[in-house]
Amino acid sequence: MSGGRNTFSIEMDTSGLDAYLNELGDEIEAAVRPAAQAGTQVLYDAVKANVAALGQYSGRLNRSIYQKFSEEQSSEGVAVYNVSWNARKAPHGHLVEYGYLQRYVYGPDGMGPLVRPGMEGKPRPSSGGRNRVALDAYYITLPTPKHVPGKFFVRKAATAMDKAYEAAEAELIKRMNGKSQ
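Just so you know, we're using this note's numbering here: the sequence shown kicks off at 285 and counts up by one.
Derived from the structure by calculation, the hints contain no laboratory data.
Careful: at least some of the hints might be erroneous.
Derived EDC-like pairs: lysine to aspartate or glutamate, alpha-carbon spacing no greater than 20 Å straight-line [claimed, not checked]:
hint	residue 1	residue 2
1	K435	E381
2	K373	E356
3	K440	D393
4	K458	E356
5	K458	E307
6	K440	E455
7	K332	D446
8	K440	E313
9	K447	D329
10	K458	E311
11	K352	D329
12	K373	D329
13	K406	D420
14	K430	E381
15	K352	E313
16	K430	D393
17	K332	D393
18	K435	D310
19	K458	E355
20	K352	E455
21	K430	D420
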């Protein structure tokens, strides 16, 4: 899912440092990826904290959060990492992040839509947009769909961007100072 709709990336504008970077040459090249990873780690930790703050049902969403270096998106002097959730491990992640429309009445435990009287014991129809009539006949529908807002566990991590930049800068400086001694 790298680079997909469920990810966000950090891009650092280094145009003001061009002359300095040219002087440093290979030393800076070797320091770019660890610096980008240090900033990414801050964002990864923020996403994990946001997911933990949501409360845990199964823990699949928390276990599905990852950070990955993107070889395809990276180039000389640019290291790109993606922070997101693995949609195979937590296919509901997009519903939590972006919200959804609830069409059916749910029981007090919230664990599933209520089945219409007379439909108990019958096989559940397959879900999907093409089977809406069968689903509406099987479950108790709400009078009007209810919007369930997203909880922004990934997008909310962008508030840690300043700390991520600071961590990346600190790692870059640490590596550059280590090379110059």
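Hint check:
no.	hint	result
1	K435 x E381	5 Å, holds
2	K373 x E356	23 Å, violated
3	K440 x D393	28 Å, violated
4	K458 x E356	27 Å, violated
5	K458 x E307	17 Å, holds
6	K440 x E455	24 Å, violated
7	K332 x D446	17 Å, holds
8	K440 x E313	31 Å, violated
9	K447 x D329	11 Å, holds
10	K458 x E311	12 Å, holds
11	K352 x D329	14 Å, holds
12	K373 x D329	19 Å, holds
13	K406 x D420	14 Å, holds
14	K430 x E381	17 Å, holds
15	K352 x E313	19 Å, holds
16	K430 x D393	17 Å, holds
17	K332 x D393	26 Å, violated
18	K435 x D310	43 Å, violated
19	K458 x E355	24 Å, violated
20	K352 x E455	18 Å, holds
21	K430 x D420	15 Å, holds
Hint check: violations occur at hints 2, 3, 4, 6, 8, 17, 18 and 19; the rest are consistent with the structure.
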